[in-house]
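Protein sequence lines, in the order shown, are assigned to chains A and B.
Going by this note's numbering, the first sequence opens with residue 139, and the numbers climb by one from there.
Going by this note's numbering, the second sequence opens with residue 139, and the numbers climb by one from there.
Worth double-checking, as some hints may not be accurate.
Identical chains share a label here; the pair holds if one copy fits it or two copies do between them.
[Claimed, not checked] For lysine-lysine, the following PhoX-like pairs were computed, each having C-alpha atoms within a straight-line distance of at most 25 angstroms: (1) Lys170 with Lys240; (2) Lys170 with Lys247; (3) Lys214 with Lys240; (4) Lys212 with Lys170; (5) Lys247 with Lys146.
If you are wondering where the hints come from, they were derived from the structure by calculation, not from laboratory data.
Keep in mind it's a predicted model, so treat the numbers as computed, not measured.
Protein chains: 2
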Amino acid sequence: MNDSGFAKTPRPPYYAVIFTSLRTSRENDYGKTADRMVDLASQRPGFLGVESVRDGNGLGITVSYWASTEAISKWKAHAEHIVAQETGTRLWYEHYELRVAKVERAYAKEKT
Amino acid sequence: MNDSGFAKTPRPPYYAVIFTSLRTSRENDYGKTADRMVDLASQRPGFLGVESVRDGNGLGITVSYWASTEAISKWKAHAEHIVAQETGTRLWYEHYELRVAKVERAYAKEKT
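Model the full assembly from the supplied sequences, consistent with the hints where possible.
Below you can see the structure in the form of structure tokens.
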């Protein structure tokens, strides 16, 4: 059983950034940069975890979890992340939607 | 370009149900039921849209969007949905996490 895809989040409230995206066919270091962004984000204050899935058609949903909107704003303004955001808009994403949401309730179920 | 994977949501605030799950290998009408649940949910009052991705390892994220927490509670209590939830817990999902969140801000970018 592989549980690495789930974020270990604390009890609500906390924040979620829901990033839904459709990839173009351009690679241009996309995979390397995506991994680097997860590494960098993980080191930021207030980062709680991330869950990310992309299917064979290039549609992806990445949800990152944060302790506060301040933590999200600081990550958004991180210099290396800004470069990645610009490249994403220019090259990697045909379309994306980004939503910032406050998690109010959470439930989990795991087979034992 | 295929934009069918994106939900056309109104201006915030509205609500998101973030459902992250790892599938078992059991089929038992999973695909049919999943499609039926999306159809049924779409007909509920307050339903705003849904985005759903599952990768080749069985990890999936489905985010449904709703006008209010009341709309979410009513959908959760829908008789046919309750049966599906029970089968999901018993057969289809190794592990799931469900989070209810209030979307406060949203941005989008589409190539023209």
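Q.
Hint by hint, where does the structure go against what was stated? Just the numbers, ascending.
A. Hint check: 1 fails alone, others pass.
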